[in-house]
Amino acid sequence: MKSRMILAALLLAGTTLAGCDKVSNAMGGGKSAVKVAETAYPERVYWGDTHLHTANSVDAFGFGNRLPPEEALRFARGEEVTSSTGLKAKLARPLDFLVIADHAEGMGSTMALYNAPRIMINDPTVLRWYDMMHEGPDQSVRAMAEILQARAKGTLPPMFRDPKASAERTHNVWNTYLDTVERYNEPGKFTAFMGFEYTLMQGGNNLHRNVIFRDGKDKVAQIDPLDPTNELTPDKLWDYMDAYRAKTGGKVLAIPHNSNVSNGLMFMMTDGGGKPMTAAWAKRRADNEPVVEVTQIKGDSEAHPFLSPNDEFAGYGTSGWDIGNLMLTEPKSKDMYASEYIREALKRGLLLEQKLGVNPYKFGLIGSTDSHTSLATGDENNFFGKHSGTEPSARRPMIPQNLGTGPGRLGWQYLAGGYAGVWAKANTREAIWDALARREVYATTGPRMTVRFFGGWDFKADDLKGDWVKAGYGRGVPMGGSLAVGKSGAPSFIVSALKDPDGANLDRVQIVKGWVDKAGTLHEKIFDVVWSDMDKRRLAGGKVPAVGDTVDLAKATYTNSIGAPTLATVWTDPEFNAGQRAFYYLRVLEIPTPRWPAFDALRFKAPIGPDVQMKAQERAYSSPIWYTPTV
Amino acid sequence: MTWRERAAPLLREPLVHFLLAGALVYALLSGRAPDIGERRIVVNAGVVEQLIGRFKQTYRRDPGPTELDGLITDYVRDQAYYREALRLGLDQDDDVVMRRMRNKMVALATSEAEAATPTDAQLQALLDAHPDRYSPEVRLSFSQVYLGADTDATRALAAPTLERLRGGADPATAGQTIPIPRDFANAAASEVAGVFGDAFVAGLRQQEPGAWGGPVDSGLGLHLVRVTGRSAAAKPRLADVRQALENDWRAEALRKAEVENYRRVLAGYDVVIEMPK
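Just so you know, the protein sequences line up as chains A and B, in that order.
Everything in the first sequence is counted per the numbering used here, starting at 27 for the first residue and increasing by one.
Everything in the second sequence is counted per the numbering used here, starting at 4 for the first residue and increasing by one.
Just chain B, same shape as in the assembly:
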């Protein structure tokens, strides 16, 4: 087994990627890898270039000699204080530091997931796992006549009105005027629920298609209804729901990346919880 073969699993290990990425980010920011214990503060050419670069981003010109001195002096001051503070353990028990470190860890762990693009196979798998979530909504076609608020008097109206309608009376002459349509064609169940309330959709389901029936309860009162059509449950097709699948896949990938990262981190610790007596 060569060293390459031995290292291969390690190089596939996300934690290693993560540590390498972290070191890289730090190196980019500071010009070199950190060594807190070291008593030498080196402001090398890379650091100076970076200080100049940041200045130029703001002022769109090079810093003058005094300004550059100021930038370097400040950098040294930052480094000295920072290292000394760590040496003294001032980062311990500091909520702000702790939260910042946690946020950085999470950001690094999820950055890869954010950039990932799902394959069709992955999307199909998500679709197969949750067909209900992506299947096309049941669509309803029906007519309704609004009788009024659910009272005894209204209920008493139901039977004679129903008889008239079944005898071929024009629905436009029956019931009360309301500012929603009498006839719905191929309306999504959620749309019907938005207009009438959830109970009405459940009530429609109980009705035999074809003939006038009811009364059916809604959030508005009582209705007589004639169901004329209901779409059969259909299997969702990837092409029709690709955008929703991609949105959900990505959200889930981010969540998973964070959870898995935390699990890995936590695995390196024994957690002991002692409740107050």
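Next comes chain A alone, as it looks inside the complex:
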């Protein structure tokens, strides 16, 4: 009976997709390509999503997504498309780049299952799922939830667990996808990357990575995406990346995400298998994974109140996500948080470096959506849902994650999604990928704030006048960099943040410092370095008073009558100890604004429970700048 199912899927993939292959090959790639000049240093930030799923993803299709990669690309470029549930969808502002990262395992398989003749399916469980999918959107979402649960518990019917069986279909779907991406990549205007998601899990514990190639189809088509089904650690992925580099001369990196639902596995003090970490393992991790996706629809992994009790802004987007792993097959215990939140991971990296000589967790930060709707929406007032089953409707703020098949998160606990800000020298695959590789990137929870951060040894307040960006690059290092060692005195930092031109004013800019002392104890401290109305908002008890709140929930609006459009300063670390490893990153806070459930309440009269968070201070996190003492 296994045979019939796989066979049906293969048959369908073979017949229906063959047509597309031909077209795409005939079209070729980049027919209007022009040579794009790179600037001497990055002058502007490019906005994108490195984590978008389309109908090719096994779960996205099951949840009702019927939009292929082409629609996703058109949408990201700013065109209007019709969503899977028939709604008109458009971004208020186009994105500059996009990575469609469909799940490698079973790529296109739910679509194939759905399109297969029913008669080919004999496995009773699969047959039930098949019928549920065809019954309608609600049942389809429920079937998909069951499939994901079964995957997390390891109880999937045999056909789903056999990576070889789906290799042929994956190959076809992948190559069609590569053709489409090539047709929409427009250097200088819109960058379309090739990539996939390596959905590594231990049980329901999330160890997912997005794999992003710097190259075009000539190189990327030489390999197929890697199936993680039978893996428990990322080592095989790194082997695969090495093999790709050796075979093609191309470049590739991986971006871990949702450490918040890894149940203590993403940033361990050991290697992936629980053995003592070696310098070689640490180096492989740092080399292959220079960036972490810190914020997205499934919560925010910057800081947890349990780890950072003195940080009143910790805990953004943690509600619901800190109760268990991704699939909720295992509850979370408090000792797991330390290997789940990036601030602690950055600190652990310092300690591991002290021991091993290599920092495995020297990563930059980005945000993305992880949207499964083919629609890379990041704005609160234009949220299209985690998946097509939660596209805008009156019921979604209170809808349970598993549709009531188990305990779980509620709709409102999902965030509207984040974006990646990239300081690149041009809008091309090469320039944006290189910026990711050197970590000159930052995360936002959706708003497009402009954030600059330079570290050096001789920056003074006067440096903010004149050509300070040039000075920043000339005499210091940008976000993601490492301070040159051997200089005297304390490091100083140029900090500049600007509001989203279509968004809210800024409350404050903070520098988060983490360090490790000689005894190996980890420390963190948050410095409010510049905030709005500093003359009126005097420190009280060592803290900057709250900025205030202009949100009108009844209308889902706010006003920029508080906060400031831009904040800038030069800050010198007053507690610098030249013998201690340290990192510094920026956290930029907006004034409070309505969250997406407030817009749903207004537009659809959506019922809202008493616990629902209706507003938030959205934020940006820069990649850190590191300091390493001379030995």
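Since the hints were derived computationally from the structure, they do not count as laboratory data.
Among the hints, a few may not be true.
[What the hints assert, rightly or not] List of simulated lysine to any residue pairs, SDA-like, C-alpha gap at most 20 Å:
1. K486/A - T180/B
2. K301/A - K381/A
3. K215/A - A236/B
4. K116/A - R136/B
5. K114/A - L257/B
6. K116/A - E255/B
[What the hints assert, rightly or not] Not everything, but these chain B residues come out facing chain A in the computed CB check (under 7 Å):
7. V99
8. A152
9. T180
10. I181
11. P182
12. I183
13. P184
14. A188
15. F199
16. G200
17. G222
18. G224
19. N250
The structure presented is a predicted model; accordingly, all values stated were derived computationally and were not measured.
Glycine is no exception: its CB is placed at the ideal position from the N, C-alpha and C atoms.
Based on these hints, arrange chain B on the given structure of chain A.
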């Protein structure tokens, strides 16, 4: 008029292609054309070969005698149930069946369009029909000095700062520090809008080129600006926008194929809608 001549228009008729393609697909799948009314279920050599072929695709070997018996038994069971179900009208009012049939019709109608490749003449026609969509973006060169949020105090700053700038003061010494460039050279209008907001681009358009002017409103606050260049509207050339044209042509061809197919199908029916009173 020979039969060939009479048949020629018919053979050019897409619906005929469509029906032939449908019959062909079915024949390939079942081994022969269907006849629901027939009471004989024939498992001919073609069907058996196909059953074996499918088995081999999965197991990479031939089925054993018992396995082949099982495949054939199952095939017969499928056929018997399927025909009997149709005879009993069980496909009527079944949403799943209806949607499957609709999807198959759409897939068949659009498969030809998916494989089509546009000629240069077709692309040129698309370009001529929508010159605005493909014309190169207006590019702007300008300098800007950021004064701050739009308040009375900031507005009061505008005149004296403007005077200083017009008197030759260094723009680097004027206004507030922000993390975006002071000078933009040949920036696409959409790029400028992304940095400053749409209102700013409209505001720039009002400015006389050459001298410092303003203040101009943006999503960030107030700016003094000096426009130094604006590209003239240019006619798009096919070679420069070929990829975009091909992408759009193909998307449109698919959409058209589906719409036209539905129109043809619908033409064969009278639709009567009776609203509840």
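If you draw a straight line from the CA of K116/A to the CA of R136/B, is it 20 Å or shorter? holds (17 Å)
Under the criterion that the straight-line Cα-Cα distance not exceed 20 Å, is the pair K116/A, E255/B satisfied? Holds: K116/A and E255/B sit about 19 Å apart, inside 20 Å.
Hint check: is the beta carbon of G224/B less than 7 Å from a beta carbon of chain A? holds (5 Å)
Is the straight-line distance between the alpha-carbon of K114/A and that of L257/B 20 Å or less? holds (19 Å)
Is the shortest C-beta separation between I183/B and chain A less than 7 Å? Because about 6 Å separates I183/B from the closest Cβ in chain A, which is inside the 7 Å limit, the hint holds.
Quick one, are K486/A and T180/B close enough, alpha carbons at most 20 Å? Cα-Cα ~14 Å, so holds.
Has the given pair, K301/A with K381/A, been kept, meaning a C-alpha gap of at most 20 Å? holds (15 Å)
Using the nearest Cβ pair, does G222/B come within less than 7 Å of chain A? Cβ of G222/B sits 3 Å from chain A, so the hint holds.
Can P184/B be said to touch chain A, with a Cβ gap under 7 Å? holds (5 Å)
Supplied contact hint for V99/B, tested at 7 Å Cβ to chain A: holds (4 Å)
Would the stated hint for P182/B survive a check requiring a Cβ distance to chain A of less than 7 Å? holds (4 Å)
Hinted contact N250/B with chain A - closest CB pair below 7 Å: With a minimum Cβ separation of about 6 Å from chain A (threshold 7 Å), the hint on N250/B holds.
Hint 14 from the list above is the single one not met by this structure.
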